[in-house]
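Asker: The residues making up each chain are set out below.
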Amino acid sequence: DVKVTQSSRYLVKRTGEKVFLECVQDMDHENMFWYRQDPGLGLRLIYFSYDVKMKEKGDIPEGYSVSREKKERFSLILESASTNQTSMYLCASSFFPHTLYQETQYFGPGTRLLVL
Amino acid sequence: QKEVEQDPGPLSVPEGAIVSLNCTYSNSAFQYFMWYRQYSRKGPELLMYTYSSGNKEDGRFTAQVDKSSKYISLFIRDSQPSDSATYLCAIKVTGGGNKLTFGTGTQLKVEL
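Protein sequence lines, in the order shown, are assigned to chains A and B.
Mapping the first sequence onto our numbering, position 31 (from 1) lands on 31, and the numbers just tick up by one.
Mapping the second sequence onto our numbering, position 73 (from 1) lands on 73, and the numbers just tick up by one.
Just chain B, with the same shape it has in the complex (with noise of 0.2 Å):
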């Protein structure tokens, strides 16, 4: 069993739609969460990161922990095209140095 689990997709939703996005892990020890956006042919850049159960928002983006489940989501409000792209959970032990464990991602696609 991998340390994370993520549904690669693709998924394709038109513009406007509410888009949730999913992660599951394993090791309890886990403690810091992250989704990073890549677009095409280019490296993954950090949106967002927790370390807490809950939800946290920035803007149209809200990502949400679930540590009792081990379940990490995030939602993405009103979609637009230039959201398509791949979004990849990444996962840090405490006192684990800087590694970061990443799920496969998944590839999103925003419709006109």
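Bound conformation, chain A alone (with noise of 0.2 Å):
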């Protein structure tokens, strides 16, 4: 079975904190994504990374940054906390398929963040 897992459940930081969300994945996947889920607004894509020491940005990637310095391991980094990124974070990972349309991300719980 994949395992996906993220460092905490949940988490509160103050406006300001620098803030490390961590991503472990146990099955040797290329493909690391971090997304955040709001109510009304769905899952967005905020970064993701196809190789270690390798990133690319997503569709809201302002005011984070990541890091993959281990094939298993993809960090988001919150610079500064603000409170309009109280938010779910999620971590995923995903292979190259054999087919094109052979993809499954695989999720992990989740971290609920609230900042201050």
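Check before you lean on any hint, since a few could be wrong.
[Unchecked claim] With a straight-line cut-off of 27 Å between C-alpha atoms, the simulated DSSO-like cross-links for lysine-lysine are:
| hint | chain 1 | residue 1 | chain 2 | residue 2 |
| --- | --- | --- | --- | --- |
| 1 | A | 70 | A | 57 |
| 2 | B | 2 | A | 57 |
| 3 | A | 3 | A | 70 |
| 4 | B | 42 | A | 71 |
| 5 | A | 3 | B | 42 |
| 6 | A | 55 | B | 67 |
| 7 | B | 70 | B | 2 |
| 8 | B | 56 | B | 2 |
| 9 | B | 42 | A | 13 |
| 10 | A | 18 | A | 53 |
| 11 | A | 3 | B | 99 |
| 12 | A | 71 | A | 18 |
| 13 | B | 70 | B | 99 |
| 14 | B | 67 | B | 56 |
| 15 | A | 53 | B | 99 |
| 16 | B | 2 | A | 55 |
| 17 | A | 18 | B | 42 |
| 18 | A | 71 | B | 56 |
| 19 | A | 57 | A | 18 |
| 20 | B | 99 | A | 70 |
| 21 | B | 109 | A | 57 |
| 22 | A | 57 | A | 71 |
| 23 | B | 42 | B | 67 |
| 24 | B | 109 | B | 56 |
| 25 | A | 13 | A | 55 |
| 26 | A | 3 | A | 71 |
| 27 | B | 67 | B | 2 |
| 28 | A | 70 | A | 55 |
| 29 | B | 42 | B | 2 |
| 30 | A | 55 | A | 71 |
| 31 | A | 55 | B | 99 |
| 32 | B | 56 | B | 99 |
| 33 | B | 56 | B | 70 |
| 34 | A | 55 | A | 3 |
| 35 | A | 71 | A | 53 |
| 36 | A | 57 | B | 56 |
| 37 | A | 70 | B | 42 |
| 38 | A | 70 | A | 53 |
| 39 | A | 53 | A | 3 |
Rather than coming from a laboratory, the hints here were simulated on the basis of the structure.
Since each chain comes alone in its own frame, lean on the hints to assemble the complex.
Answerer: Here it is, written out as structure tokens:
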């Protein structure tokens, strides 16, 4: 079974703090993703990575950065947390499929972040 | 206009009912279609995927795609309380890497 784990289920931080969210997958997947999920807005892609030390901006990268030093680990960094970054953060991973459409993203359980 | 539109619900049905969940999309380049299920306080998990117009069946679940109308549906037969979850459609562009565009999700509650 694929397992994607996230370092915290719940996190409370203060405005201006630097926040690290960690994600680890155990299936040797090439691709890793960070999303945020908000009511009425669904899942929005923040950043993704196809390989170690590689990163691509998603749809809403502002205020975030990422780090992928090892294949199994993908970190999301909030350089200076703000209240509008209060959200559910979901990490996902996937492998390059043998066929183009055979794509599955496996999600972690999510981290609920509250910025006060 | 959002690229993928999905009615957020909530949708409440009695046990045993047939449930129809729907998404519309605007980008003709979308070619691959998925449905994810998300239980409360959990991450989404893939339920079904398809890439062609028509129906695909898996047990009590049927995914339907109509590319001419840019409309996708998920039908659940003989719905059970354990089907209570949020259902998200997700769509991918051909050659668009592994980026998915998600709908906002429809919250379903199946009542005893």
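Asker: For every hint, state whether the structure bears it out.
Answerer: How the hints compare with the structure:
About 19 Å separates the Cα atoms of residue 70(A) and residue 57(A), which keeps this hinted pair within 27 Å; it holds. Of the supplied pair hints, the one linking residue 2(B) and residue 57(A) holds, its CA atoms being roughly 19 Å apart against a limit of 27 Å. Using a Cα cut-off of 27 Å, the hinted pair residue 3(A) and residue 70(A) holds, with the two alpha carbons roughly 16 Å apart. As the CA atoms of residue 42(B) and residue 71(A) are separated by approximately 24 Å, the hinted pair is consistent with the 27 Å bound.
With a CA separation close to 13 Å, the supplied pair residue 3(A) and residue 42(B) stays within the 27 Å bound. Between the alpha carbons of residue 55(A) and residue 67(B) the distance comes to roughly 32 Å, so the proposed pair goes past 27 Å and is violated. The hinted pair formed by residue 70(B) and residue 2(B) meets the criterion: a straight-line CA distance of about 13 Å does not exceed 27 Å. At most 27 Å may separate the alpha-carbon atoms for a hinted pair to count; residue 56(B) and residue 2(B) meet this at roughly 26 Å.
Under the criterion of a C-alpha separation no larger than 27 Å, the hint pairing residue 42(B) with residue 13(A) is consistent with the structure, at around 22 Å. For the proposed pair residue 18(A) and residue 53(A), the alpha carbon gap of about 21 Å is at most 27 Å, so the pair holds. A hinted pair counts as satisfied when its Cα atoms are at most 27 Å apart, and residue 3(A) with residue 99(B) qualifies at roughly 20 Å. For the proposed pair residue 71(A) and residue 18(A), the alpha carbon gap of about 23 Å is at most 27 Å, so the pair holds.
Proposed proximity of residue 70(B) and residue 99(B) is supported: the alpha carbons are some 19 Å apart, at most 27 Å. Only pairs whose Cα atoms come within 27 Å are accepted, and residue 67(B) paired with residue 56(B) is accepted, the gap being roughly 14 Å. Distance check on the hinted pair: residue 53(A) and residue 99(B) sit about 18 Å apart at the alpha-carbon level, within 27 Å; holds. Proximity of residue 2(B) to residue 55(A) is assessed by CA-CA distance (about 25 Å); at most 27 Å being required, the pair is judged to hold.
Distance hint between residue 18(A) and residue 42(B) is fulfilled; the C-alpha atoms sit about 25 Å from each other, no more than 27 Å. Note on residue 71(A) and residue 56(B): the hinted pairing is violated, with a Cα-Cα distance of about 34 Å set against a maximum of 27 Å. At most 27 Å may separate the alpha-carbon atoms for a hinted pair to count; residue 57(A) and residue 18(A) meet this at roughly 20 Å. Our distance criterion of 27 Å between C-alpha atoms is met by residue 99(B) and residue 70(A), whose separation comes to about 21 Å.
Distance restraint check for residue 109(B) and residue 57(A): the Cα-Cα separation of roughly 35 Å exceeds the 27 Å cut-off, and the hinted pair is therefore not satisfied. Of the supplied pair hints, the one linking residue 57(A) and residue 71(A) holds, its CA atoms being roughly 18 Å apart against a limit of 27 Å. Of the supplied pair hints, the one linking residue 42(B) and residue 67(B) is violated, its CA atoms being roughly 31 Å apart against a limit of 27 Å. Restraint check for residue 109(B) and residue 56(B): the C-alpha separation of about 23 Å stays at or below 27 Å, so the hint holds.
Restraint check for residue 13(A) and residue 55(A): satisfied, since their Cα atoms lie roughly 25 Å apart, inside the 27 Å limit. Of the pairs offered as hints, the one joining residue 3(A) and residue 71(A) holds, with about 14 Å between alpha carbons and a cut-off of 27 Å not exceeded. Under the criterion of a C-alpha separation no larger than 27 Å, the hint pairing residue 67(B) with residue 2(B) is consistent with the structure, at around 17 Å. Under the criterion of a C-alpha separation no larger than 27 Å, the hint pairing residue 70(A) with residue 55(A) is consistent with the structure, at around 12 Å.
Proposed proximity of residue 42(B) and residue 2(B) is supported: the alpha carbons are some 25 Å apart, at most 27 Å. Distance check on the hinted pair: residue 55(A) and residue 71(A) sit about 12 Å apart at the alpha-carbon level, within 27 Å; holds. For the proposed pair residue 55(A) and residue 99(B), the alpha carbon gap of about 13 Å is at most 27 Å, so the pair holds. Among the hinted pairs, residue 56(B) with residue 99(B) is consistent with the structure: their alpha-carbon atoms are about 23 Å apart, no more than 27 Å.
A threshold of 27 Å between alpha carbons decides the hint, and for residue 56(B) with residue 70(B) the separation of about 17 Å falls inside it, so the pair holds. Straight-line distance between C-alpha atoms of residue 55(A) and residue 3(A) comes to about 22 Å, which keeps the hinted pair within the 27 Å bound. Between residue 71(A) and residue 53(A) the alpha-carbon distance is near 9 Å, which keeps this suggested pair within the 27 Å criterion. Only pairs whose Cα atoms come within 27 Å are accepted, and residue 57(A) paired with residue 56(B) is rejected, the gap being roughly 33 Å.
A hinted pair counts as satisfied when its Cα atoms are at most 27 Å apart, and residue 70(A) with residue 42(B) qualifies at roughly 25 Å. Between residue 70(A) and residue 53(A) the CA atoms are separated by roughly 8 Å; this keeps the pair inside 27 Å, and the hint holds. Distance check on the hinted pair: residue 53(A) and residue 3(A) sit about 22 Å apart at the alpha-carbon level, within 27 Å; holds.
In this structure, the earlier hints numbered 6, 18, 21, 23, 36 are contradicted, and the remaining ones agree with it.
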